[in-house]
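Colleague: Heads up: the sequence shown runs through residues 1 to 415, numbered per UniProt numbering.
Hints should not be assumed to be uniformly reliable.
Taking CB as the label site, the calculated pair distances span [unchecked claim]:
1) SER280 / VAL124: 48 to 54 Å
2) VAL124 / GLY34: 27 to 33 Å
3) ARG119 / GLY34: 19 to 25 Å
4) PRO323 / GLN353: 36 to 42 Å
5) PRO255 / ALA277: 21 to 27 Å
6) ASP395 / LEU320: 28 to 34 Å
7) ILE70 / VAL158: 30 to 36 Å
8) LEU120 / VAL246: 46 to 52 Å
9) VAL327 / VAL300: 37 to 43 Å
10) GLY34 / ILE70: 28 to 34 Å
Worth flagging that the hints you see were computed from the coordinates, not collected in a lab.
By construction, the Cβ of each residue, glycine as well, lies at the ideal position given by its N, Cα and C atoms.
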Amino acid sequence: MNTLLLARLQFATTTSIHFLFVVVTLGLVTLLVGLQTAGYLTGKPIYERLTRFWGQLYVINYVLGIATGIVMEFQFGLNWSGLSRYVGNVFGAPLAIETLVAFFLESTFLGMWIFGWHRLRRGVHLALLWGVALTAYASAFWIMVANSWLQHPVGYEVRDGIAHLTDFGALLTNPTLGFAFGHVVSAGLVTGGVLMAAVSAWHLIRRTPDFALFRTSLRLGVLTTAISVVFLIGFGFAQFGPVGRVQPTKFGGGPERDALVAEWTARFGPGDYTPPALSSVGLGFMILIGFTLFLGTLLVPLLFRDWIIRLRFPLWLVLLALPLPFVAVLLGWIAREVGRQPWVAYGLLPTGQAVSPVGAGTMLTSLIGFSLLLGTLAVTNWVLLARHAARGAADPALGRPPAPDADTHPEPVFA
C-alpha cells in the first residue's frame, strides 16, 4: 500500500467517525432547545425532566466529540502538508473563524449551562442553551464554508505557487454551500429525531413507569424526523441541479466533462480524472435510506394515539430504524468526499500533491494508531450513551438540585 492510499484511508476514518458525533450534536441541541423553551413557557415539570435526561446524553456526546475533532486536526497537520502549504491561506480562514468564534463560544455557553442549573435565573439559563445551539450551527456553517471551497474553489488567485484569498464574500456565496449546509443541518435533525424516538420507544417497550415522559419524547422525535426528512431529501436533490454542474466529472458526463478533462490533462498530465465508483454506490444507498425514513413518517399520526403506543410492534419499528440515519450520513459524506477525487481542491490541487512526504510505514503506523484511538472514543461514547439512556429519566445527574446544607440538616453520625 502506498502513502497516498494510507493517508486517504486515515482521512476517511477520522472524518467519518467525527461526523457521526457532529450530527448527533446538531440534532440533540435543537431538540433540547425546544424542550427547555417549552418548560420555560409552560412551567410543566415534565419538560425539565426531559431536558435533564436528554441534556445528559448530549453532554456525553459533545465531550467525546471534541476529542475526536482534536484527533482529526492532528491527522490534517501530519498527513496533508501540501494542502496547508498550497491553499492554507484560503482554506484556513473559515476554519480559524469556526475555532475562535463558534467553537470557543459554544464550549463557554455549554459549560455555563451545565453548571448553571439552580444557580441562574431560568431565563438566563435558557438563553445559554440558545447560545449553545446558535454557535453549534455557526460552527457547522463555517466548516461547510471550508469544505465547499474544496468542492468549488472561488475568491482566490494563485501567486508564487500559493493560493491567496482575494474575495471573502465569494466564500459565503459559493454555489455549493447553501444546499450542502441545509442538507447537513437536516441530516442532524433527522439523526437527533430518530435517536430520541428510538430511545423513547425502547423504554415504552420495556413498560417503563414514566409512560407520559417517554411518550412525549417519542412524539417529539418522530415529528422532528418527519419534518426534517422532507428538507433532507429536498436539499439533497437540489445539489443535482445547477449546483451540481460546477463539478461536471462528479456524477455527470457529456461534452462539458470531456472539455474539462482535456484541460486538466494539459495542465497536470495524463491521468484518471473520473471519481471512483464508490461515490455513486454510496449515493444510491443514501437515497434509498432517505426514502425509507420518509415512508416511515406515515407512522407519525398513529404514534399520537396511546393505544398504538401500547402495542410493541410499531415501537419495534421505530427502534430498529436507529442505525439508518447514521449509515446514510456516512454514505452521504463518502459520496461528497470521494466524488471530489482525484482532487483535494477541485481542479486546483491533486490529492497526490497534497499528501505529506512521509514513508508508507510511518503512515501505516499513524493510521493504526488514529483508528484505534477514534474507535475507542466512538465505542466509549455509545457505551456511555446506552448506559445513561437505559437508566431512564428518574434522576439524571445533570441539573440535580444541590444537596441540603450540612449545617442546616446534619447527617447522623451513626446509622
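Colleague: With reference to the structure, classify each hint as holding or not holding.
Modeller: Taking the hints in turn, this is what the structure says about them:
no. : hint                        : verdict
1   : SER280 / VAL124: 48 to 54 Å : 50 Å, holds
2   : VAL124 / GLY34: 27 to 33 Å  : 18 Å, violated
3   : ARG119 / GLY34: 19 to 25 Å  : 23 Å, holds
4   : PRO323 / GLN353: 36 to 42 Å : 38 Å, holds
5   : PRO255 / ALA277: 21 to 27 Å : 22 Å, holds
6   : ASP395 / LEU320: 28 to 34 Å : 29 Å, holds
7   : ILE70 / VAL158: 30 to 36 Å  : 31 Å, holds
8   : LEU120 / VAL246: 46 to 52 Å : 47 Å, holds
9   : VAL327 / VAL300: 37 to 43 Å : 22 Å, violated
10  : GLY34 / ILE70: 28 to 34 Å   : 30 Å, holds
Of the numbered hints given earlier, the model fails hints 2 and 9; all others are met.
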